[in-house]
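Assemble the whole structure, with the sequences as input and the hints as a guide.
Number of protein chains: 2
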Amino acid sequence: MQRLLRITAACALTLAVAGPAFAADDLRAKAKEVFEVIPTSVPEIKGNAITPARIELGRKLFFDPRLSRSGLISCNTCHNLGMGGDDNLETSIGHGWQKGPRNAPTVLNAVFNIAQFWDGRAEDLRTQAKGPVQAGVEMASTPERVVATLKSMPEYVADFKAAFRDDPDPVSFDNMAKAIEIYEATLITPDSKFDKWLAGDDASMTKLETAGLSLFLDKGCAACHNGVNIGGNGYYPFGVVEQPGADILPVADKGRFAVTKTATEEYVFRAGPLRNIALTAPYFHSGKVWDLEQAVAVMGSSQLGETLSESDVKAITAFLTTLTGVMPKVEYPILPVSTRETPKPEGM
Amino acid sequence: MQRLLRITAACALTLAVAGPAFAADDLRAKAKEVFEVIPTSVPEIKGNAITPARIELGRKLFFDPRLSRSGLISCNTCHNLGMGGDDNLETSIGHGWQKGPRNAPTVLNAVFNIAQFWDGRAEDLRTQAKGPVQAGVEMASTPERVVATLKSMPEYVADFKAAFRDDPDPVSFDNMAKAIEIYEATLITPDSKFDKWLAGDDASMTKLETAGLSLFLDKGCAACHNGVNIGGNGYYPFGVVEQPGADILPVADKGRFAVTKTATEEYVFRAGPLRNIALTAPYFHSGKVWDLEQAVAVMGSSQLGETLSESDVKAITAFLTTLTGVMPKVEYPILPVSTRETPKPEGM
Chain A
1 MQRLLRITAA CALTLAVAGP AFAADDLRAK AKEVFEVIPT SVPEIKGNAI
51 TPARIELGRK LFFDPRLSRS GLISCNTCHN LGMGGDDNLE TSIGHGWQKG
101 PRNAPTVLNA VFNIAQFWDG RAEDLRTQAK GPVQAGVEMA STPERVVATL
151 KSMPEYVADF KAAFRDDPDP VSFDNMAKAI EIYEATLITP DSKFDKWLAG
201 DDASMTKLET AGLSLFLDKG CAACHNGVNI GGNGYYPFGV VEQPGADILP
251 VADKGRFAVT KTATEEYVFR AGPLRNIALT APYFHSGKVW DLEQAVAVMG
301 SSQLGETLSE SDVKAITAFL TTLTGVMPKV EYPILPVSTR ETPKPEGM
Chain B
1 MQRLLRITAA CALTLAVAGP AFAADDLRAK AKEVFEVIPT SVPEIKGNAI
51 TPARIELGRK LFFDPRLSRS GLISCNTCHN LGMGGDDNLE TSIGHGWQKG
101 PRNAPTVLNA VFNIAQFWDG RAEDLRTQAK GPVQAGVEMA STPERVVATL
151 KSMPEYVADF KAAFRDDPDP VSFDNMAKAI EIYEATLITP DSKFDKWLAG
201 DDASMTKLET AGLSLFLDKG CAACHNGVNI GGNGYYPFGV VEQPGADILP
251 VADKGRFAVT KTATEEYVFR AGPLRNIALT APYFHSGKVW DLEQAVAVMG
301 SSQLGETLSE SDVKAITAFL TTLTGVMPKV EYPILPVSTR ETPKPEGM
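Here the protein sequences line up with chains A and B, keeping their order.
At position 326 of the first sequence (counting the first as 1) the number is 326 in the UniProt record's numbering, and the numbers step up by one without a gap.
At position 202 of the second sequence (counting the first as 1) the number is 202 in the UniProt record's numbering, and the numbers step up by one without a gap.
Any given hint could be a false lead.
Identical copies go unnamed one by one, so any copy, or any two together, can satisfy a pair.
The calculated DSBU-like cross-link candidates involving lysine-lysine, where the alpha carbons are at most 30 Å apart (straight line), are [what the hints assert, rightly or not]: (1) 314 / 151; (2) 314 / 196; (3) 344 / 99; (4) 99 / 261; (5) 99 / 130; (6) 261 / 151; (7) 207 / 30; (8) 329 / 161; (9) 196 / 329; (10) 344 / 254; (11) 314 / 344; (12) 329 / 46; (13) 46 / 99; (14) 99 / 60; (15) 329 / 151; (16) 344 / 161; (17) 196 / 60; (18) 196 / 207; (19) 32 / 60; (20) 60 / 46; (21) 329 / 60; (22) 161 / 60; (23) 219 / 30; (24) 207 / 99; (25) 193 / 151; (26) 161 / 193; (27) 193 / 344; (28) 32 / 196.
Please keep in mind that the hints were generated in silico from the structure rather than gathered at the bench.
Below you can see the structure in the form of structure tokens.
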């Protein structure tokens, strides 16, 4: 009986790793239950119409460092569209070279997250966009300063009028956030190897990668990392089974507890969305882990209570690299010209 | 006789300001003696072949913040292609939020300057490119760190091989600089109103603008600001006639003297190239003057020994706005992905 079980296990492994088409279909069926192909078009945004004028305005605002007090930092500084939509730093560098409290999440596909920030404190992208602009350790500006800046440039005034036709006061902090939200909603990365595979293209993933997917499902990773973004849609304690050390999970940052003030939400965070994860090291809200394999191993022990074997870690990591999609093509915007009335940079 | 002179002067003014076609042709002939239309194609670079592979590699490098020690600062941070090719700051913010010593010059059309930096200490763009990467107050990196960074990414290694086929050691600090030079040489802004006018299109400049051009020539501005970049091709004392106050000309910065160690070159600087000058406030090497009209007035007193009338200042400023060309279209590059071997950001 023992021997039979071993054989059965060996067969199952063979099927998952190198199996024929029917095994791939089986895995695909399982995968389709928990994941979704990323859309190739921009999703609808509640309370914010997607128009070319808003996309175009949002693109300018996203790249404009004059939204910061210093005149140096734009959205793109920390959410760099050439680097997976984040800054590849442990935590971001902000106004006055201050160190931000948490690792910058990617802006790519962020529109598909349940809410924004590691603790989900912003319900949508337009609420999120207002945060860093005002945060003292990030862009350190104020709504008044931003509006004065935007109103000082006739080109921006015309852009806001075109983007918010029915608004009697189009150049506002709210509309800045709405335009940025619409632009960010266009920043989606379809056509990853995984999406192609999910849609039926067996050849788009290697055996190692599908074996990793199989492990990702079987070991329980997909319990938190699922949906269109393979994460980003629910809140879970970091350390479901075993809390990582303070090097990775700093004691002072209690995560979602700061939002909900609920004791059970201490050290609870939004599950990291794993799309393009291979591009966005370092990992976790603390940004303390630079290596994706190490991050997978940490997740194994902290969330699953299991020391994953080296080969399992490698397979799961191989699967994660298939989540890299096609980056959006971005034309770098020519920004409106400052005028005499534009507030001067401050904070040198 | 007095009366006749007055009439002649009035006629001349009429001709210059509002004159018919023959007056425009006259002004054009004079202008063509001192200025050149900006080329629409990239000029040849001595000792550095222009190839698509070098342009493409240079574009990535220009936007890559990993050339800096912190991982935050790229060439584009201070030479922002959406903001006239500079940062619109008094002096740049660099590593550790340090304040740079001089106002960042525009990278646009820089290939046409006689030499680079305000004091001309770099003979070409590839020599220039090596400066800020290593400057402690700018990107604070080292050639060794840059090469280690570039060699850590297979995509960059392939890009360098493709760009420098005959070089047995293609990934080098020298070749980084050469690729950036080639990319920067593509950043030219043709088809300004002035260029069109110079090429014969009377309608592309207003009467005020041609009046400003006329004054620019007659008052002597064009003695230093001439050639294709309307400046950038010679060295002159700041304060030919009267030194500006220490607020605009700080005593400690002796300009080209630091390069040539020649007493007569104290407070000598390269004449500012005036192309796109309306986009690149604040002005002068100290970046202390934010208003273009004020900058023109300062030049009048310091370089010409003349208090320009308000209407002359306005006309000359109007002419300067015609030097804004068509900005290069820039596709924001998707950068190679860091690996385990990529040096980590430092300096937080």
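Verification of the supplied hints:
{"no.": "1", "hint": "314 / 151", "in the structure": "between (53 Å within a copy, 24 Å between copies)"}
{"no.": "2", "hint": "314 / 196", "in the structure": "within (21 Å within a copy, 61 Å between copies)"}
{"no.": "3", "hint": "344 / 99", "in the structure": "both (24 Å within a copy, 16 Å between copies)"}
{"no.": "4", "hint": "99 / 261", "in the structure": "within (25 Å within a copy, 42 Å between copies)"}
{"no.": "5", "hint": "99 / 130", "in the structure": "both (19 Å within a copy, 28 Å between copies)"}
{"no.": "6", "hint": "261 / 151", "in the structure": "neither (39 Å within a copy, 48 Å between copies)"}
{"no.": "7", "hint": "207 / 30", "in the structure": "within (17 Å within a copy, 73 Å between copies)"}
{"no.": "8", "hint": "329 / 161", "in the structure": "both (26 Å within a copy, 25 Å between copies)"}
{"no.": "9", "hint": "196 / 329", "in the structure": "within (20 Å within a copy, 32 Å between copies)"}
{"no.": "10", "hint": "344 / 254", "in the structure": "between (37 Å within a copy, 27 Å between copies)"}
{"no.": "11", "hint": "314 / 344", "in the structure": "between (51 Å within a copy, 23 Å between copies)"}
{"no.": "12", "hint": "329 / 46", "in the structure": "within (25 Å within a copy, 33 Å between copies)"}
{"no.": "13", "hint": "46 / 99", "in the structure": "neither (33 Å within a copy, 43 Å between copies)"}
{"no.": "14", "hint": "99 / 60", "in the structure": "both (26 Å within a copy, 26 Å between copies)"}
{"no.": "15", "hint": "329 / 151", "in the structure": "both (29 Å within a copy, 26 Å between copies)"}
{"no.": "16", "hint": "344 / 161", "in the structure": "within (24 Å within a copy, 44 Å between copies)"}
{"no.": "17", "hint": "196 / 60", "in the structure": "between (32 Å within a copy, 28 Å between copies)"}
{"no.": "18", "hint": "196 / 207", "in the structure": "within (15 Å within a copy, 61 Å between copies)"}
{"no.": "19", "hint": "32 / 60", "in the structure": "neither (37 Å within a copy, 37 Å between copies)"}
{"no.": "20", "hint": "60 / 46", "in the structure": "within (22 Å within a copy, 36 Å between copies)"}
{"no.": "21", "hint": "329 / 60", "in the structure": "both (15 Å within a copy, 14 Å between copies)"}
{"no.": "22", "hint": "161 / 60", "in the structure": "within (15 Å within a copy, 35 Å between copies)"}
{"no.": "23", "hint": "219 / 30", "in the structure": "within (13 Å within a copy, 80 Å between copies)"}
{"no.": "24", "hint": "207 / 99", "in the structure": "neither (42 Å within a copy, 53 Å between copies)"}
{"no.": "25", "hint": "193 / 151", "in the structure": "between (45 Å within a copy, 26 Å between copies)"}
{"no.": "26", "hint": "161 / 193", "in the structure": "between (41 Å within a copy, 27 Å between copies)"}
{"no.": "27", "hint": "193 / 344", "in the structure": "between (47 Å within a copy, 29 Å between copies)"}
{"no.": "28", "hint": "32 / 196", "in the structure": "within (12 Å within a copy, 60 Å between copies)"}
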